[in-house]
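Based on these hints, arrange chain B on the given structure of chain A.
This is what each chain is made of:
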Amino acid sequence: MTQKIVFRVAAAALNLSFFAVSFAVAEEFPSPLPTETLLTINKLPAKYPTGWAFLNYSTNRIELRNVASDSGAVKGNLQSRDSATLLVSDTRPEIYVADTVWSRGTRGVRTDFISIYDRETLNPVGEIVLPGAKRGLMTAMEGMFAFTDDQKMALVFDLTPQALVTVVDLVNRKVLGDIEIPGCALVYPTGKRGFSTLCSSGTMLSVQLDANGAAVSRSETKVFNPLDSDPLFTASTELAGIHYFPSFHGRIQAIDLRGDAAKILSDWPLVPAADISGNWRPSGWQILASDEHKLLYILMQRNGHEGTHKEPANEVWVYDPTSKTRVHRLPLVRPGTSLALTHGPEALMLVQAGERLDVYDLKGALLRSLDLPGFNTRMQMEPLR
Amino acid sequence: MAQFDHLAEKMLRGFASRTSRRSIFTVLGSLLAGAATLPLLPVARAQDTGNLQDPGDPSRCDYWRYCAIDGSLCSCYGGSVTACPPGTEMSPVTWIGTCRNPADQRNYIISYNDCCGGVPWGRCACQRNEGDRPVVRPQNNNEITWCFGTQSQSYTCTVALVLGVAIDQK
Numbered sequence: 003m004t005q006k007i008v009f010r011v012a013a014a015a016l017n018l019s020f021f022a023v024s025f026a027v028a029e030e031f032p033s034p035l036p037t038e039t040l041l042t043i044n045k046l047p048a049k050y051p052t053g054w055a056f057l058n059y060s061t062n063r064i065e066l067r068n069v070a071s072d073s074g075a076v077k078g079n080l081q082s083r084d085s086a087t088l089l090v091s092d093t094r095p096e097i098y099v100a101d102t103v104w105s106r107g108t109r110g111v112r113t114d115f116i117s118i119y120d121r122e123t124l125n126p127v128g129e130i131v132l133p134g135a136k137r138g139l140m141t142a143m144e145g146m147f148a149f150t151d152d153q154k155m156a157l158v159f160d161l162t163p164q165a166l167v168t169v170v171d172l173v174n175r176k177v178l179g180d181i182e183i184p185g186c187a188l189v190y191p192t193g194k195r196g197f198s199t200l201c202s203s204g205t206m207l208s209v210q211l212d213a214n215g216a217a218v219s220r221s222e223t224k225v226f227n228p229l230d231s232d233p234l235f236t237a238s239t240e241l242a243g244i245h246y247f248p249s250f251h252g253r254i255q256a257i258d259l260r261g262d263a264a265k266i267l268s269d270w271p272l273v274p275a276a277d278i279s280g281n282w283r284p285s286g287w288q289i290l291a292s293d294e295h296k297l298l299y300i301l302m303q304r305n306g307h308e309g310t311h312k313e314p315a316n317e318v319w320v321y322d323p324t325s326k327t328r329v330h331r332l333p334l335v336r337p338g339t340s341l342a343l344t345h346g347p348e349a350l351m352l353v354q355a356g357e358r359l360d361v362y363d364l365k366g367a368l369l370r371s372l373d374l375p376g377f378n379t380r381m382q383m384e385p386l387r
Numbered sequence: 027m028a029q030f031d032h033l034a035e036k037m038l039r040g041f042a043s044r045t046s047r048r049s050i051f052t053v054l055g056s057l058l059a060g061a062a063t064l065p066l067l068p069v070a071r072a073q074d075t076g077n078l079q080d081p082g083d084p085s086r087c088d089y090w091r092y093c094a095i096d097g098s099l100c101s102c103y104g105g106s107v108t109a110c111p112p113g114t115e116m117s118p119v120t121w122i123g124t125c126r127n128p129a130d131q132r133n134y135i136i137s138y139n140d141c142c143g144g145v146p147w148g149r150c151a152c153q154r155n156e157g158d159r160p161v162v163r164p165q166n167n168n169e170i171t172w173c174f175g176t177q178s179q180s181y182t183c184t185v186a187l188v189l190g191v192a193i194d195q196k
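Residue numbers (the working numbering), protein chains in the order written: chain A, 3 to 387; chain B, 27 to 196.
To be clear, the hints were calculated from the coordinates, so they are not data collected in a lab.
From the three backbone atoms N, C-alpha and C, an ideal C-beta is built for every residue, glycine too.
Honestly, I wouldn't trust all of these hints.
Now the stretches of chain A that chain B is said to cover, found in silico as 3 or more residues with beta-carbon under 8 Å [claimed, not checked]: (1) 267 to 279; (2) 362 to 372.
Only part of the chain B face toward chain A is listed, based on derived beta-carbon distances under 8 Å [to be verified]: (3) T108; (4) P112; (5) G148; (6) A151.
Bound-form chain A, shown alone (with noise of 0.2 Å):
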């Protein structure tokens, strides 16, 4: 009896400290929580700032994310499944994903395709069958997929391994045709509509193109590109109109694509004589990049030999490609792979470094270090416009 006594007792003293905490946290917080809408999602601004970047993971997405902030936030991801390359329109509120598909997962029918996304929404608003089976599979890189005719048409590099380029009028939604290019590999626009190619042969080929996307001139440079002894990397940056395209073993190669044709500029040794003996060499993958200053940065390896030519850069090295000469010398926190710069007045050096993302100013002050969840390929970023 006295037990029970207690028992009741002590219940109506939890009791009666409950009711006081919970007054005392009412009266804290006197209103609930809203009532919040349903099926809501977010949507982007028309304009992108300038601090965001689409990072390429060359395998099963295409993140957007806001590199100048700490927090590194996740804007959106766009789909890709195989070999799947970007382009944003900055004529059209439009991006666009060259992707493949297999009906089956890695089987079934195969599906070449372009997908159109609303810049704000993401949504997929349309899309572009590519026929033949015939896109270039290959770990995502620059010249794989290239507007022209000021982004009315898009470029995609084809290997069958027979080399050709699909031609796609963007603005119709449509595939005007192929132009076989025998020899040769990715693209890289050319004139007002056009492209141009690097050969095995050592050669540029320039093709432009009708309103209609057939060829109506072929021309092709002089042998400059030495495969054997000192190729090209297929990365370049542009600054008006030349392309600057650095080689294994640490020249820099000026191609003007201005005109209808490439005109081969001048190359010129990237490594000053000082420090010839740390045998350094550009190396990464999205090696190189140009800011509006009109300097060229790029991925430098200390000790470079044969076979290296993809693995992680020590140093970012700066150029004044008018004085042919370097400017600045920046080391990373972190051996870096991809490289990329911001745009606007603030611009930032995006460096990956395997699974991070380290971000510097121009002067190379290490800003914050973004993580790369399950990132273990290849990198190409796209900073905004």
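Below, chain B alone, put in the same frame as chain A:
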């Protein structure tokens, strides 16, 4: 010295009186059986080719034939260094590299055939680029998915076959 001989004789006699010839065989047999069992214990072991002229572990990136490989090793997917895993198809069109065999010090032409249409999941991913050249020279490029002439062009893994001795032995 005589004391030492006496002590040794006493120990041996004691040992002989406690043991039989058969028990000696039992102990020796156990030791031999134990030694033979040690390699069978479930510990991770390197898989050697078993051929002294082809040294190394085909499930590791540092195996000599993989000097220009970029991809997953079929040895880790149910295939081998020369065979695709079940459920895949081997591409007849390939890229080639030249690798030096550390055993016989010869350079060999290696054909890197991709196996296609299976289940890729990134196991035993290797990246070596000796002799790799830009995609402009596709036959020496390891970034391309070499699934040509197969029903599916979806990449699974890569094998490395000896095609012959290279002409250039430098």
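Flag every earlier hint the structure violates by its number, smallest first. 1, 2, 3, 4
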